[in-house]
Every structure is written in C-alpha cells, then in structure tokens.
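> For this one, chain A is given, so just place chain B on it according to the hints.
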Amino acid sequence: NAGVMQNPRHLVRRRGQEARLRCSPVKGHSHVYWYRQLPEEGLKFMVYLQKENIIDESGMPKERFSAEFPKEGPSILRIQQVVRGDSAAYFCASSPPGAGELFFGEGSRLTVL
Amino acid sequence: DQQVKQNSPSLSVQEGRISILNCDYTNSMFDYFLWYKKYPAEGPTFLISISSIKDKNEDGRFTVFLNKSAKHLSLHIVPSQPGDSAVYFCAAHTGGGNKLTFGTGTQLKVEL
Numbered sequence: 001n002a003g004v005m006q007n008p009r010h011l012v013r014r015r016g017q018e019a020r021l022r023c024s025p026v027k028g029h030s031h032v033y034w035y036r037q038l039p040e041e042g043l044k045f046m047v048y049l050q051k052e053n054i055i056d057e058s059g060m061p062k063e064r065f066s067a068e069f070p071k072e073g074p075s076i077l078r079i080q081q082v083v084r085g086d087s088a089a090y091f092c093a094s095s096p097p098g099a100g101e102l103f104f105g106e107g108s109r110l111t112v113l
Numbered sequence: 114d115q116q117v118k119q120n121s122p123s124l125s126v127q128e129g130r131i132s133i134l135n136c137d138y139t140n141s142m143f144d145y146f147l148w149y150k151k152y153p154a155e156g157p158t159f160l161i162s163i164s165s166i167k168d169k170n171e172d173g174r175f176t177v178f179l180n181k182s183a184k185h186l187s188l189h190i191v192p193s194q195p196g197d198s199a200v201y202f203c204a205a206h207t208g209g210g211n212k213l214t215f216g217t218g219t220q221l222k223v224e225l
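Chains A and B supply the protein sequences, listed in that same order. Going by our numbering, the first sequence opens with residue 1, and the numbers climb by one from there. Going by our numbering, the second sequence opens with residue 114, and the numbers climb by one from there.
Because the hints were derived from the structure by calculation, they are not lab data. Careful, some of the hints might be misleading.
Result set (BS3-like, lysine-lysine): computed pairs, CA atoms no more than 25 Å apart in a straight line [unchecked claim]: (1) A:K27 with B:K222; (2) B:K222 with B:K181; (3) B:K150 with A:K27; (4) A:K44 with B:K150; (5) A:K44 with B:K212; (6) B:K222 with B:K167; (7) A:K44 with B:K184; (8) A:K44 with B:K222.
Okay, the calculated bits of chain A under chain B, using three or more residues with CB under 8 Å as the criterion [unchecked claim]: (9) 41-54; (10) 99-106.
Backbone N, C-alpha and C define an ideal beta-carbon position, used for all residues, glycine too.
Isolated chain B (complex conformation):
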C-alpha cells in the first residue's frame, strides 16, 4: 500500500528552466509534507517542507505547492542548475509523530 506516490521515476530539464516534481498521497491524515534530495551513496538531505494549513512555501529557488483537495503536492525548482541533479523524495507524516512515509523518488537530471 503505497501511501505516497511519485509517478515519474525520472525527469530531464535544461539548465535555467523550471523543474516540476510531483507527488500524490492517499492518506488524508497526513498533515506535514517534506521534500528530500539524495545524491548517490549519500543520505537524504532535507530541502523544504509545508504544513497542511498552507498551500505554498518558498525558499530561494525552491517552492512547494500543496493542493489538499487533490491530495497532491509539487516541488518547483527555478532556475534549475546542474548541481540539482539528484533523486528527490517526497515524504509525509501525521501529527502523531515524526515517522515519515516516503515516495519512491524521482531522478532529476539537469542538462547543460
């Protein structure tokens, strides 16, 4: 039962353009959502998060949008840079604790 889904296993974008990574969830009890970035042979690093009481959170080149009615969130990276090439994981948890449920990840490749 995959409660957090990232349906695109990979995405390729040109440098300078916008990258949009998508994530869907099924558990309506999720109230906090996070994006993590992972390079090969390293652990995931936290990127940005959003509470369910908001619909947008922005941090520099990264913006996360949340559509609760559609149970959908997206991560926008603009402008995309080659160093952004990594696997991006969407994650969520309920208010009861910190246990995170992860999606399967999207491999982003930013090309020159």
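Isolated chain A, as found in the complex:
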C-alpha cells in the first residue's frame, strides 16, 4: 500500500509567485491534515479537511493561504503571493475516521527567493 504521497518534494518560488502543494492520502483515508515546520521549530497545525469540507482551519494564516480536498484528486495547499517567511517544510498527513494516529508524507520543502 502506498503511503501519503506529496509533490513536489522541493519547490522554489520567487516572492510574489504562487505555490501549490499536492497531497494524496493513504488509500481509504478520508481525513487530511496539513502541517508546517519552520526552521528550528516543531510542526504547526494548519488545516484539517475531509472530502469537500474544511473541518478546522484554525492554524491557517488569514491571508494568501487556502486548502482544498476535492471529491476526486489530491488535497491542494495553495499559497498566493509567497514571501520569504513562507519558506518551510509543509507536511501532509492522513488518517481513517476515528483513528488516533496520523500518517505523514515526506513533506514538500518550499524555498522563496
């Protein structure tokens, strides 16, 4: 069974461009989470989604960031007009309903020049 798949693994953007990060959960998992890890910090929760629904977006910055998990296809984390402070590793995780444990992907590392 494939685990959580994230792409791209590395993404370089210039300030003001858009970044799109994709996440395919473990087959059969209906819950997706996005976390961000800034240099020298722990993982910070951003958003929790189920198919076509945002359940909890309390960790998402108010502007420029959005996330979706459509009925078909991967979950997308979108960052518009990127700034240098957006440089980080973005991790996606998935779980089946009711599970206590999250399964993480290998992360997408965004570098903003």
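The following block gives chain B in isolation, referenced to the frame of chain A:
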C-alpha cells in the same frame, strides 16, 4: 501558547544505555498522546501512543509513561541503538478529533 513542551532540544546517549525523552503539556483536555520519530528530509513516523486512561504502554524497546497529575509524559528507549538517532516529537490531541498538537522536538544522538 505552547501547549506541548519538550524542554530539552537535544540529548546524547551511549549505545546500549537508556534514552529518556521528556514532554510536558498544559491542556488538561488532551486525552491521547503520541510519539513520532523524524529523520532529516523525511516525514514523521509514528512510534508509540498512550491513552489518558493508562499510565504505561510498552512496545519492544520503547515504553511511554504518562503522569496525568503532573501533565508529563516520557519515552524510554532501551537499549538505545545508533539507528535511534533522530528528532523525537511528542504530540497530543483531545477526544474531539485527530488534530495533533506537537512539541518542538528533541534531537537524540546515540553514540557508539
């Protein structure tokens, strides 16, 4: 507001000895606790967990202890092996969902 705290950023242990990683939390609503291990350039991988109704859970070389009154948990690894060298994250969630709150991590180095 750091609800899950790992006050030791790093720990160095000799191979074969016990590694003890500590974690404190402030939110009394947390009822499920997990430890994740992370190698550089990889995602975190689940190691072991414990429910708040227990005070100990053991899996091979790994044991997690929970002291609810002190809001403290610890991960014991014995015997420690060089392959255990990684960053260890403590995490917790409340019964309402799977959203995990992570600590800042402890870098464990197991030396030969």
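> Could you tell me which of the numbered hints above are not met by this structure, giving the numbers in increasing order?
1, 2, 6
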